[in-house]
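Q: Dock chain B against chain A, hints included.
Residue strings, one per chain:
Number of protein chains: 2
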Amino acid sequence: MRRFPPEGRQRAVIENVKPEIDAGRFAAKRTVGDTVAVEADMFADGHDLLSAVLKFRRKKDPKWTEVPMAPLGNDRWRGEFAVEKIGGYLYTIEAWVDRFETWRQGLAKKIAAGHEVSLDLQAGASLVDDAAQRAVRDDRAKLQRHAAALRAGAEKKVAAKIEGDDELLRLMQKYPDRRFATRYDKELAVVVDREKARFSTWYELFPRSFGKPGAHGSFADLERVLPYVASMGFDVLYLPPIHPIGRRHRKGKNNALSAAPSDPGSPWAIGSEEGGHKSVHPELGTVEDFKRLVAKAKDNGLEISIDIAFQCAPDHPYVKEHPEWFRKRPDGTVQFAENPPKKYEDIVPLDFETEAWRELWAELRDVVFFWIDQGVRLFRMDNPHTKPFRFWDWLVAEVKARHPDVIFLSEAFTRPKIMYRLAKAGLTQSYTYFTWRRTKAEIVEYFEELTETEVREFFRPSLWPNTPDILMDYLQEGGRPAFVARYILAATLGSNCGIYGPAFELGENRPREPGSEEYLNAEKYEIKRWDLEKADSLKDLIAAVNRIRKENPALQSDWSLKFHPIDNDRLICYSKRAGDGSNGERANTILTVVNLNPRNTESGWVNLSLAALGLDRDGPYEVHDLLSDARYVWRGAKNYVELNPNKLPAHIFRIEERTQPH
Amino acid sequence: MRRFPPEGRQRAVIENVKPEIDAGRFAAKRTVGDTVAVEADMFADGHDLLSAVLKFRRKKDPKWTEVPMAPLGNDRWRGEFAVEKIGGYLYTIEAWVDRFETWRQGLAKKIAAGHEVSLDLQAGASLVDDAAQRAVRDDRAKLQRHAAALRAGAEKKVAAKIEGDDELLRLMQKYPDRRFATRYDKELAVVVDREKARFSTWYELFPRSFGKPGAHGSFADLERVLPYVASMGFDVLYLPPIHPIGRRHRKGKNNALSAAPSDPGSPWAIGSEEGGHKSVHPELGTVEDFKRLVAKAKDNGLEISIDIAFQCAPDHPYVKEHPEWFRKRPDGTVQFAENPPKKYEDIVPLDFETEAWRELWAELRDVVFFWIDQGVRLFRMDNPHTKPFRFWDWLVAEVKARHPDVIFLSEAFTRPKIMYRLAKAGLTQSYTYFTWRRTKAEIVEYFEELTETEVREFFRPSLWPNTPDILMDYLQEGGRPAFVARYILAATLGSNCGIYGPAFELGENRPREPGSEEYLNAEKYEIKRWDLEKADSLKDLIAAVNRIRKENPALQSDWSLKFHPIDNDRLICYSKRAGDGSNGERANTILTVVNLNPRNTESGWVNLSLAALGLDRDGPYEVHDLLSDARYVWRGAKNYVELNPNKLPAHIFRIEERTQPH
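Those sequence lines, one after another, are chains A and B.
For the first sequence, the working numbering assigns the number 1 to the initial residue and increments by one for each residue that follows.
For the second sequence, the working numbering assigns the number 1 to the initial residue and increments by one for each residue that follows.
Treat the hints as calculated values from the structure; they're not laboratory data.
Just so it is clear, the structure is predicted and the values come from calculations on it, not from any experiment.
Among the hints, a few may not be true.
Ranges between beta-carbon positions, derived for each pair [said to hold, decoys possible]: (1) A:Val633 / B:Asp22: 29 to 39 Å; (2) B:Pro416 / A:Glu477: 18 to 28 Å; (3) A:Glu80 / B:Asp616: 28 to 38 Å; (4) A:Glu513 / B:Lys638: 43 to 53 Å; (5) B:Asn339 / A:Arg25: 54 to 64 Å; (6) B:Asp22 / A:Thr35: 24 to 34 Å; (7) B:His47 / A:Lys638: 24 to 34 Å; (8) A:Pro416 / B:Trp64: 47 to 57 Å; (9) A:Glu518 / B:Lys18: 36 to 46 Å; (10) B:Arg25 / A:Thr35: 40 to 50 Å; (11) A:Pro227 / B:His47: 37 to 47 Å; (12) A:Arg25 / B:Asp616: 41 to 51 Å; (13) B:Arg25 / A:Pro227: 34 to 44 Å.
Don't be surprised by glycine CBs; every beta carbon is placed ideally from N, CA and C.
Bound conformation, chain A alone (with noise of 0.2 Å):
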């Protein structure tokens, strides 16, 4: 004979909520300052109605707050929170079968039927007796008031009573018959970021390349380009990994083989016998230097973001020291890496495999830990699908338990579910296929995925136009019109996004042969020396473009991308929207419109979606173009648009919503 459950009379049933990643294995994202609005399928038996509970509360306070959630039609509910703190909340439902107000609705619905409702009054005067039984002092008084007025009613008076007695059915809600409540079986969590892990602008750059003349470049070179890197509107400088590179099987030029002896090496090939991932190279300097470097970074409005990654030169500190953290091969040597029939030999990789890899994890740990003493707060994580999702999982959570304000970016160039399970592991925002996504139908198809999908509550996308690994196609082909629209594509899709300069801004686009991707004499193997003042360089264009972020909220957050029609398959036109204007609030509009030819003018029509907008269907509205300053009158969902990409492949509009005369 089977048991009972528990209790049998907790009728609610409170399913299909969202958001929910994983049946609740993972956390969703948010930032400070977010609303967290969760809906949940919830209903009974019979045609009692339902009353319900969102209840949040941070991970570290044990008390929760609840709020009313509200029906939204087919048994679909809704209720919200915001989180004001960085760190994690967590949420779950609670939904009860509402006597009270089943009894109030069907009340009025059997007076207005011309019944006699006399029983009817009693019963209700019952529940609300019950209710005064669990109110306190001068509440109880009057639910027993108001008991007492119901079973002396006539039917009239009651009518009004139960339709409009604000004291009663205040008094009611706070006092619910909660007894036979469901719970909502989990408990659902929410890791909130500060706001630059949802808006940031970010610049890479290899400090090397920017010595004096003929010398390798230093920290304090560094600090004399923060300005420059300050005026373009960035707000992230990221720096490749900053530790002693390897000699042994060096890489030269052009990722050649043996290296010469003057050739810097890769800084992704980690460790001498100078050091590891808690030193830095000789050349840039000292730990004291990078700490003034991040203070003098800080005082031009910069963050320094390191790179973090986890694989060593073969003459790192750690294959002497812990040679069991290693593969060998069969004849005693380190395995260096391998994706046959590709051979990496300047890198040896960890081996999660050990059986020491409880060691393991908790060194790669106390290496974010001293670089977080040194006061950096963003990590660019490398490469990170080639260590251990699990590995990840716990990482994460070991960082953000003591450093809550830390922000890793995900750099996984792979596959989409491998790209996804990282975020899931909490990596704070991810790089994507923005990368190489160039003709409307990819655009719309990756970001339409990226946004309005449950991916969004958990994946941040971070858009690159290129990275010192990536030059692509449309960039080697497109000149300089290409290098604007991919910007401002980045810029106003994402509103998290970033370059590889200078290469970037002075228009770096020779690969190293037709048909790669790699760049020609790529900064990842030599020490390079760029033109800041070249006369044909983006850094104003792209300084008007991250002032247009800047001064809009709408394109601080991706949530509200949506894409318009557009008749011509040259152009793409979308748009980003911030407020409601509720409250007060001022709406923000920014409509982008890019021409994806880098060759020719392209015009067409837009058909736009008006509502999406905040437009009325009829009425005239200004649009200012924020690149150009011109202003437009447009009416109605079709206009006209043409783009010349030898002036401006692009329109960044603020809709005003009224139009004013100028």
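A: Okay, now just chain B, sitting in the frame of chain A:
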């Protein structure tokens, strides 16, 4: 400091497993002989390859069986198992990094690229040696010989060996290194029913209407009707409640508030001084008579289903014996059923919020067990949506644990999420909105939801063109062609279907008043006389359709349902298919076209999805109308159909994949 996970080297990830209903809280449904195809996203970090097995077992057998899973692309994997016995099954997944396979494929690439691989051969030999340690007897020796051969092998021989050595591959797959295998964190359930859960044809009648002239019909009278029902090809005979009918507040004809002394009352007003849910209405006979009816029905190929309605007439014995199971009004009387402003004075509902809910649940379970003891295995559960879902979760589990052959039909005509939740509780079949879906768009949308989404895993539709409570407007207006069309739709769209007869086959279509979907002089409230031999009875048409159902496996399940475009909204076209022609199994494909306009001939061009029909693009094929016996040679996707509703409003074609002359 955070604890480490128990094992950090489980590198495989398993997610997005299907079927998995509500995070594994509910079981999927299958019938004996079905296949359970399980899919999951699986991947590991890095470039290493995975192997994975699907594990399954009968719930009562602790031993797992394993079948390999295979990749489908984009990190999706699939495996399947057959369910051969009724009762519960469990399944889960295990996946691991396959070092041998990773080595083997890497080696092949290196050899192809002309690399020197002597160290790789030794590394492979070590993997084979390790496997030998896991192997038994002969296998161990064989593996050791293979390891030696690898160590000694010249490259070319090895290349041939690793490509083509079936024995080495087979042995390495037999003894994999699963130390760090990831086990999916849930065991998911399947409930396997007997075949009738998937394929059944129901006939509902009121036994009391089949008595001798002027008399109340009895079970003995009903025995004489069995051949009639069987002759139409039905296999379930379902009887409304067979218990004593209450006298207090009994309803009269046409649901009148008071009954004449001769009025028999509604069978759903259960219970009187003559007994309750475990008794038989005296005018129908005795429990012994019922058992004889069950046996005689079986002789006619019919299974008896009874109605279980967990509600009471005011004079049900429970009301006196268990007053605590009912809610009281303030005047001390028992609360009757109501849905304000509607009142149902002849019914008192059970109070599932009673303190004595455990005793109530146990008694209701015993009602089911009582009728199981009398030979019933099919129950039509009345209004399950007015009893708590937790009760159904428990009741179904209770009953099926002892009697896995029991089938419950859920009579819930209510909101969609509630209907689905009842199906998740385990109720075997469910009434559907088919009863009201009349246009092509409505039918296509609804049946795509039922057969193409996750709903199909737990919700088995039962299609009823009419019930004693529901005479849809289309039947009221459309005359005989409407009845024919609705039966053919029910019988070909749904492998489970039923009618309330003889009202249906005799074309009874008079509503109580215009705009009502109640029958005039509804049989619920009075004894009817039916002329079963009426000239325009649909019985022969129904018999023909039911014969087609029995002879064509395509119509005995629902998942293959596919709608085909046709350029006339009054015509609907769809196919079902069983068998895929593999394993020598002969595919069976039925293509149905129905004219939804009961008044006029309609014609149009179908545009068939040939792939869904197993047809080549260009070849001719024969369509054989199993209703009219006409045969047509069609070619390609576009073909012409014309249907005169006054002759036959439908084609039920069998597609003969090879055209045969005749």
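Q: Hint by hint, work out which the structure violates, then give me just those numbers in ascending order.
A: Per hint list: 1, 2, 3, 5, 7, 8, 10 and 13 violated.
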